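Residue strings, one per chain:
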Amino acid sequence: AQSVTQLGSHVSVSEGALVLLRCNYSSSVPPYLFWYVQYPNQGLQLLLKYTTGATLVKGINGFEAEFKKSETSFHLTKPSAHMSDAAEYFCAVSSKAAGNKLTFGGGTRVLVKP
Amino acid sequence: GAVVSQHPSWVICKSGTSVKIECRSLDFQATTMFWYRQFPKQSLMLMATSNEGSKATYEQGVEKDKFLINHASLTLSTLTVTSAHPEDSSFYICSARGTVFDQPQHFGDGTRLSIL
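Protein chains in written order, with this note's numbering: chain Y, 49 to 162; chain R, 152 to 267.
Hints listed in this document are in silico derivations from the structure and should not be mistaken for laboratory results. In this text the structure is predicted, and so the values were computed from the model without any measurement. Treat the hints loosely; a few may be bogus.
[What the hints assert, rightly or not] Below, a list of computed lysine-lysine pairs in the BS3-like style, where the Cα atoms sit at most 25 Å apart: (1) Y:K97 / R:K192; (2) Y:K116 / Y:K97; (3) Y:K149 / Y:K106; (4) Y:K149 / R:K215; (5) Y:K144 / Y:K106; (6) R:K171 / Y:K149; (7) Y:K161 / R:K192; (8) Y:K97 / Y:K144; (9) R:K171 / R:K215; (10) Y:K149 / R:K206; (11) R:K217 / R:K192; (12) Y:K144 / R:K206; (13) R:K217 / R:K206; (14) R:K165 / Y:K149; (15) R:K165 / R:K215; (16) R:K217 / R:K165; (17) Y:K106 / Y:K116; (18) R:K217 / Y:K149.
[Said to hold, decoys possible] Some chain R residues well away from chain Y (every beta-carbon gap over 10 Å; in silico): (19) T168; (20) V213; (21) D260.
[What the hints assert, rightly or not] Anything over 12 Å on all C-beta distances counts as not near chain Y; from chain R, calculated: (22) K206; (23) D216; (24) H236.
Cβ coordinates follow ideal geometry from the N, Cα and C atoms, glycine included.
With the hints as constraints, model all of the structure from the sequences given.
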């Protein structure tokens, strides 16, 4: 079985400040990990993914995430928030054993203050 | 690349009618497509997985006779909500994955379904 926990359903940051979204996963097999962003009334856009190899993954829009197996974490960061980063962010896990089906965390809504 | 188109984006219909939602992969062949349901301010819940040319696999608790899924080609999957009722109102999102097993899923923009 696999699961994802996102700490904090809402995060508020000031424009220009660090964005940190926390994600912890549970998987009995090597996981594939993803971060997606969702804007209102839209589908999900892939920010970045980890499958194998380098544990620090860089994605679009200046986001990056680090896979830490010992901590079962895959936290998302961005050094400097922009107003356009206001959205809902979902962490997800999948694996070959799970047929590559995605299991999503509960989501974190990011509010960016001017 | 990897564009998924979902149609319609909004639909309002009367209780008892059936509604069809289309999901198309525009620039790649989608061996597998997924259908999700999302309630307001909640995460995505996987409803079913469909592989081209095969019957869909439904998640536990999802009524396969209520939510009919067809994946007749490598670029098109459809979800039909049969005899829709107000409790079926939701945001439905499809995603598609290419022929390589560990490729990420690419999502459509979703369909807002409102049943009156």
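Comparing the hints with the structure gives:
1. Y:K97 / R:K192: holds (24 Å)
2. Y:K116 / Y:K97: holds (14 Å)
3. Y:K149 / Y:K106: Holds, at roughly 23 Å.
4. Y:K149 / R:K215: Holds: K149 (chain Y) and K215 (chain R) sit about 18 Å apart, inside 25 Å.
5. Y:K144 / Y:K106: holds (23 Å)
6. R:K171 / Y:K149: OK: K171 (chain R) and K149 (chain Y) at ~24 Å, within 25 Å.
7. Y:K161 / R:K192: This hinted pair holds, its Cα atoms lying about 20 Å apart.
8. Y:K97 / Y:K144: Distance of about 15 Å is within 25 Å: holds.
9. R:K171 / R:K215: Cα-Cα ~14 Å, so holds.
10. Y:K149 / R:K206: holds (16 Å)
11. R:K217 / R:K192: holds (24 Å)
12. Y:K144 / R:K206: holds (20 Å)
13. R:K217 / R:K206: holds (15 Å)
14. R:K165 / Y:K149: violated (33 Å)
15. R:K165 / R:K215: Roughly 21 Å between the alpha carbons, so the hint for K165 (chain R) and K215 (chain R) holds.
16. R:K217 / R:K165: holds (16 Å)
17. Y:K106 / Y:K116: Answer holds: K106 (chain Y) to K116 (chain Y) is near 15 Å, not above 25 Å.
18. R:K217 / Y:K149: holds (22 Å)
19. T168: At about 22 Å from chain Y, T168 (chain R) clears the 10 Å cut-off, so the statement holds.
20. V213: holds (13 Å)
21. D260: violated (4 Å)
22. K206: The claim stands: K206 (chain R) keeps its Cβ more than 12 Å from every Cβ of chain Y (closest is about 15 Å).
23. D216: holds (22 Å)
24. H236: holds (22 Å)
Checked against the numbered hints above, the structure breaks hints 14, 21 and satisfies the rest.
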